[in-house]
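Participant: Residue numbers (the numbering used here), protein chains in the order written: chain A, 518 to 707; chain B, 518 to 707.
Warning: the hint list may mix true and false statements.
Copies of one chain are not kept apart here, so a pair can be met inside one copy or by any two copies together.
[Unchecked claim] Derived pair list, reagent style EDC-like, types lysine to aspartate or glutamate, alpha-carbon separation capped at 20 Å:
{"no.": "1", "residue 1": "K567", "residue 2": "D705"}
{"no.": "2", "residue 1": "K567", "residue 2": "E528"}
{"no.": "3", "residue 1": "K663", "residue 2": "E583"}
{"no.": "4", "residue 1": "K615", "residue 2": "E707"}
{"no.": "5", "residue 1": "K695", "residue 2": "D654"}
{"no.": "6", "residue 1": "K596", "residue 2": "E702"}
{"no.": "7", "residue 1": "K574", "residue 2": "E680"}
{"no.": "8", "residue 1": "K567", "residue 2": "D656"}
{"no.": "9", "residue 1": "K587", "residue 2": "D614"}
{"no.": "10", "residue 1": "K567", "residue 2": "E649"}
{"no.": "11", "residue 1": "K695", "residue 2": "E707"}
{"no.": "12", "residue 1": "K695", "residue 2": "E528"}
{"no.": "13", "residue 1": "K695", "residue 2": "E680"}
{"no.": "14", "residue 1": "K609", "residue 2": "D684"}
{"no.": "15", "residue 1": "K529", "residue 2": "E661"}
{"no.": "16", "residue 1": "K584", "residue 2": "E528"}
Worth flagging that the hints you see were computed from the coordinates, not collected in a lab.
What follows is the residue order along each chain.
There are 2 protein chains.
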Amino acid sequence: MNPYFTSVEPEKAYRLINHGPATLVSASHDGIENVMAASWVCGLDFTPAKLTVVLDKSAYTRQLIEKSNKFIIQVPNAKQAEMVHYLGTHSKANEQDKLSHSDVECFYVEGIDQPFVSGCSAWLYCELIPLEANQRDHDLFIGEVKAAWADSRIFQDGHWLFESAGDEWRSLHYIAGKHFYKIGEVLDVE
Amino acid sequence: MNPYFTSVEPEKAYRLINHGPATLVSASHDGIENVMAASWVCGLDFTPAKLTVVLDKSAYTRQLIEKSNKFIIQVPNAKQAEMVHYLGTHSKANEQDKLSHSDVECFYVEGIDQPFVSGCSAWLYCELIPLEANQRDHDLFIGEVKAAWADSRIFQDGHWLFESAGDEWRSLHYIAGKHFYKIGEVLDVE
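Modelling step: build the complete structure from the supplied sequences, incorporating the hints.
Facilitator: Below, the structure is given as structure tokens:
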């Protein structure tokens, strides 16, 4: 286990995704794991913490989530950019070995039967709030964040450490094609 | 009129918000305008382009949108950070002169009765897709992007120009309190 894997207070979990990073969505059902990339992940509420995630009907991970009603949202970082892009452009529906091809390594946390992706900056364990019309009509899923963690080398005491951590820890912000931006410099207003 | 105010193809409008910037939400009804800041704005679909926005029940702008069924999502930039923070921490509900206090200037586009905030990097004109349960239970609003524009000094031909434009044009990514990050360097995968 990564010794820097540290619990984040639920009421501060929104800060892990508030700046709009590209994410990884992972889920498992009946022994089958998958991981996909998703940019359309967004805060929805503070207490209890909730978020939205858009999952296309073609996404294999969506099928797992519809069965398990659980998933993990990860915040990956710059050193994982190639992996994130691979996970966002290949589907397990037609590539059964997607995860091994993409160099994803998963780990598990006691009491949670969903896969966590190693090497990320943050993890939010969510339980689905099933809303069939949203899911069917808009591919829109709502999750309640039941627990969250971060790597303490990049997020500590409720604050990102982008200013002091290495460049490889910066979050990824996706535009289109093969084109990301890394998060940049801090700007504190007065 | 800003001579750099340039139409963006609807199918590329998602790129204006895909990287998760803090936004400004503006609306007008019956001659009353307002502008608020919102981080929880997220892509929902490509064609037709749709987005989600979370609007708290205490937000005055929400009342305007519920009446007009229309609104504008703006992508502000680093030179507007103080204004963005002011607009996100003051409500017209108890400060009638909020807009003049915050130095917001609005302009109008022919055929659209909603206010555009001057000096932003991008604008998405949306019509509300009313879904009462989402709005009531989750403060979650869905808009269809009917038209979009960008300042051609920072977004051109479907691409952000953060690499070459001045630092003052960088998008803002909000964490909490008075704490933003600017978007950073490009990262293109292979």
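Participant: What are the numbers of the hints that this structure violates, sorted from low to high?
Facilitator: Per hint list: 1, 5, 7, 9, 14 and 16 violated.
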